[in-house]
Each structure stands twice: as C-alpha cells, then as structure tokens.
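Whenever a hint applies, use it, and build me the whole structure from the sequences.
Protein chains: 2
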Amino acid sequence: MDAETRATPDDHQALRLWLRLLACTNLIEAPLRQRLREQFEGSLPRFDLMAQLERHPDGLRMGELSQRLMVTGGNVTGLVDQLVAEGLVTRAATSRDRRALVVKLTARGKESFEAMAGEHERWIVEMLGGLPAAERERLHELLGGLKRALTAA
Amino acid sequence: MDAETRATPDDHQALRLWLRLLACTNLIEAPLRQRLREQFEGSLPRFDLMAQLERHPDGLRMGELSQRLMVTGGNVTGLVDQLVAEGLVTRAATSRDRRALVVKLTARGKESFEAMAGEHERWIVEMLGGLPAAERERLHELLGGLKRALTAA
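Read top to bottom, the protein sequences are chains U and X.
Residue numbers for the first sequence, in this note's numbering: 59 to 211.
Residue numbers for the second sequence, in this note's numbering: 59 to 211.
Listed next, the in silico DMTMM-like pairs over lysine to aspartate or glutamate satisfying Cα-Cα at most 20 angstroms (straight line):
hint, chain 1, residue 1, chain 2, residue 2
1, U, 162, U, 116
2, X, 205, U, 193
3, X, 205, U, 87
4, X, 205, U, 195
5, X, 168, U, 69
6, U, 205, X, 179
7, U, 162, U, 106
8, U, 162, U, 172
9, X, 162, X, 122
10, U, 205, X, 184
11, X, 205, U, 179
12, X, 205, U, 184
13, U, 205, X, 199
14, X, 205, U, 199
15, U, 168, X, 69
16, X, 205, X, 193
17, U, 205, X, 193
18, U, 205, X, 87
19, U, 205, X, 62
20, X, 205, U, 62
21, U, 205, X, 195
Since the hints were derived computationally from the structure, they do not count as laboratory data.
So, in structure tokens, the structure goes:
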C-alpha cells in the first residue's frame, strides 16, 4: 500500500516511473522522520535547516534560508525561534544592513547538528544497503539525468 | 539549491543517492502541487485521497483511507468533511456495521477526479519527457530493486 498502488498497467510509463519514485522516497523519508523525532526530539525540517546553516558558517538571511529548504512543512520563522530559544542558533542584524537578520549556528548548534548528521548518514547507509553498490551507482547516474531533464524543462 | 546542495564528496554513496532521489522527487512534486492548486483548487493530499476512492468503488472505511494515503500533510477527517460539503464524496454507515463509516466517491466526484487525473498524467508525461524512454525504463527497473530492498529491510 503505497503511492504505486495508484498505478494501473495502462498508465503512461512516465506516470508509473513517478509513482515508483514517490513510493521509494516515502519509504525512506517516513522512517527517517520517525527516527529523527524519537532520537533527537528533532524533525526533518529542523535537520534540513541546521544542515543549510552548517554549510554556511557566515550565516544566511531569513529569506535565503527559506529558499534553500527543500523539506516542506516547516515554518521557518517558528523553527528559528525554537532553535534560538534552545541556544542552537543566533539571529542578529548585520553591521552592513541593520534590517537583514542573519541566522547562524552556535558552537553548541554545530555540535548538535554533527551528532544528528552522523546518525542520519548511518541510517541511510543501513536502509540503502540492501541494494548492491553497482546498482546504487547506476541509479545515482540515471537520477542525475532525470534531474538535468527536469531542471532544463 | 535543492536537497543535493547538502551533499559533500566525502558523504557515503548511499547518502548522495538519497539526497538526489529527494531532489528529483521535490522537483516533480513542487510544480505538481502548485498546478493542482491553481487549476483545480485542489491539493495533492486531496488528489491522493480521491485516487484511492476511485480504485475502490465500494468505498473505504476512514481507517483504511488514512492508511492508504502516502502524501502526508492532509488531515483525513478534514479533507473528507470538505469533499462531502462539495458533493464529491459520501460518508455513511454500512448496514453490516453501523459504527464503521464508509467513504465513497459520488458520480460528480468520479467525474471531477477523472478530469484531474488526466491533467495530472499529462503534466507528468511532459515533465519526464526530457529523459529518453529507454532511460526511464531502466530507472523504473532500478527503483523497483531499491523498493524491494527497502521493503525487505
């Protein structure tokens, strides 16, 4: 019972491909969300937000942060408020532009993110481990082609 | 700027594969959600719910319906209330078990769903059309292997 349940043999091949892609994404995303919640009192949008900050040590403006988040469902302002309250990020005006609030990870935020990221990577490696490495590599390549086709369109 | 922005060369190959899979799903899902909203005043959870009912002409109980929905973010009771108000579904007790409410598409609901489903398929065919058919076929096969590995784990 997943997204593919919707597919019928007379559907176009592109539709069957999409429903399978969605089914695979959901099969990975659902347990990931649950584990993040259980083990870190975190959530996927929160993890995603901290991941973006970790890649930008100089911080990101609120607007940039919203744009970079791919996991939907997270209210960025609310998430940032919560992380500020927990001492994991700071949000401050820059000297150049007093109106633009820049969000940065604190040292504790960086530490907390790294622990989550390590576990996250272990879960993914474990979940995808059932597929032989050569097939994973081929799948990665083909999805690269799909991505190029999607962004070119 | 997408889920893959998070990937670094020293990440495990499984993690890079997952981030690319997520990026592709988002690249298809985001415009789909937007088009459904714009053209049908619908939403992806609503479409998904009606798709499940369309496959079950005898109706589904509320509990079964919740289990079958893969697109998260939809409150099933709220969605059903709304569809009942619009005359697109009915929700009624069965003669066998007065406590179990069964949800069914009305004739108008079926018609409305079919119009959405046709457009939905055309959008998918258009979006994935940039990838040659042979690559789509190979991707479909490889994702089938991934799905089997994920459900076996």
